Amino acid sequence: MDWLEEKSKNISKEEIGELKKITHILKLLFALEEKFLGKYKKNGPL
Amino acid sequence: MARSEFSPILKLEEKMREWELAEPATAGSYYVAAAGSLDPKLRFEALRQISANDYEPKEESEEQRVDIEEQFSQFSEEEIELISKNIMAVQFTEGCNGFCPFCFLATKGQKRGVTAHYSFPSLRKSFERLRLEKAFPYWASDPFDYYDKDEFGEYTFLDIYKLYGLRPVFVSTSIPRGSERRFIDFVKAIVEDILSATHDANFEQGDYFGPKVRISVGKHNIRRVINTLRQLFLELESQNYSRNDIEDLFACGIILADRVNVRSLGPLIEKHNDIADAEAFGRYDGVVVTPKSISSRITVAPTVYEPTGEISIKLQPGRVKNLVPRCEDLELYRMRVYDMINYSIVLGGRVLVDFPHLPDGSYLELPNEEENCILILGRAAHSLAQFFSALSEGEKARIKPSYEGGRKNLMRQVERDFRGIKERTSQAMEKANALAEEADEETRRRLQFYILLAAVHLKEMQFLLNEYKKGASLSELIKIAKTFRGMGKNEVAQLDVKLDELHKEINSGKRRWLFFKR
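Which chain is which? The protein sequence lines are C and E, in order. If you read the first sequence in our numbering, its first letter stands for residue 1, the second for the next number, and so on. If you read the second sequence in our numbering, its first letter stands for residue 1, the second for the next number, and so on.
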């Protein structure tokens, strides 16, 4: 996050928009992963 | 005066303290381990000691003896030629007794421990014909588990080692339970091969091209490693090797590798909670030959769906053509990134790992459309993750961060490579989306997962390239790469909050003056 601290001094709206898209996809990805791991924890080894 | 320890032992004891483990166990653990040996003499002696000293024995294992000639005889000559030219690794045993916590095997539902091994006479006969001398002598196995016997004698990895002739062999071992004696005997047999190189007056460590043994050390085996090395040092000293000789052995020929901070792979996949682990463990494409199977192995990003970071295709007679990848070391691309950061004179050559190729240079495609999409998306994720990982380590560069020659060469090459990757990945994402609509729920989720995984990597790379085009310095690019690599579940939520705050600040007009300055 050091980079974002430095970057926040001159970050543009477009850059924030692009980073928001990345975090959005990541959150969806983690949610799917969580669903899968939930099944793994419930049913035992993969 | 008390005798001082050798430096490898001191290092390991320091690790024990760091990991807050108890003091090294006494002979008991050695005999418990040796009781699992495939060597009957060793096992008998260990069991006798255990019985006398009340140590706990390891269960005995029964294993199948496989003739590699017979195994290959089911394939046509043309198929054997194709396979043998692209063998990346050979496992002399099926499974191993190392029990490393990150092991691939446990994830695949296979029984741990050795379940089969190749007969030595068949290996000796086929070694050259199958080009085994060019392959790694292990994969999901440990060379020191190997033990075979027939009416003519007993055979260990040392006998296989001799088949390599003058070719330097790289061996990785955890010194599995029961293999301690074989490890000691092996090192004693190759000690001269290692030391002869170091005795040259002009010798420098970087010049060493002799045999190398990497000992993987983790919490599960550190006591065994200490006990085994102590025994090895005693025996070497009794053969009149000096203290300096023994220290020299560990300066180049034998490496201690800390394997505790391994990525969350194999059975540890449950702990996998971010995309920092998107790089595979073994970064090779090629064929892996084991006593129970001959399979193509293609590197992809490890995920909850493919925890080993590999797509494995079992090769069967009549089903070999178009399924054998060109044997390739994908780590070379990472090395090129380091070189381009460090030296401006390195020009050209890919830095992003490409999709797997067939030996004729065309792309390898899997017959099943869904699996093919997953192969392309998983591979794209691996390729971009490996680049981000290499770039994020760029601060190890020996040059000053202000140096820009390397940055330009590197990023121009990244732009070129990325165009091709983006195009093929986007096509696969489109195809996967269409397939997901028709698929059952489980397949749909799997396809969606890979679409998102590829999408996030494509977006990150595009962001990095945009920053480069706006004039970001090498050190800024490295920091961006580090930020993306470290974005786990917790970090992504924090980043989101931070971005919202920044967005509000900009909208409120408080920071407008900053943009006039740009």
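If you're looking for bench data, these hints aren't it; they were derived computationally from the structure. Just so we're clear, the structure is a prediction, and the values are computed from it rather than from any experiment. Do not rely on the hints blindly, as some may be mistaken.
[Stated by the list, open to error] One-sided and incomplete, this derived list gives chain E residues near chain C with beta-carbon spacing under 7 angstroms:
hint, residue
1, Phe233
2, Val304
3, Arg412
4, Ala455
5, Lys459
6, Ser475
7, Lys479
8, Ile480
9, Val492
10, Leu499
11, Leu502
12, His503
Beta carbons are placed, not taken as given, at the ideal position from N, Cα and C, and that holds for glycine.
Right, here's what the structure says about each hint:
no.	hint	result
1	Phe233	40 angstroms, violated
2	Val304	5 angstroms, holds
3	Arg412	22 angstroms, violated
4	Ala455	5 angstroms, holds
5	Lys459	5 angstroms, holds
6	Ser475	10 angstroms, violated
7	Lys479	4 angstroms, holds
8	Ile480	6 angstroms, holds
9	Val492	5 angstroms, holds
10	Leu499	5 angstroms, holds
11	Leu502	6 angstroms, holds
12	His503	5 angstroms, holds
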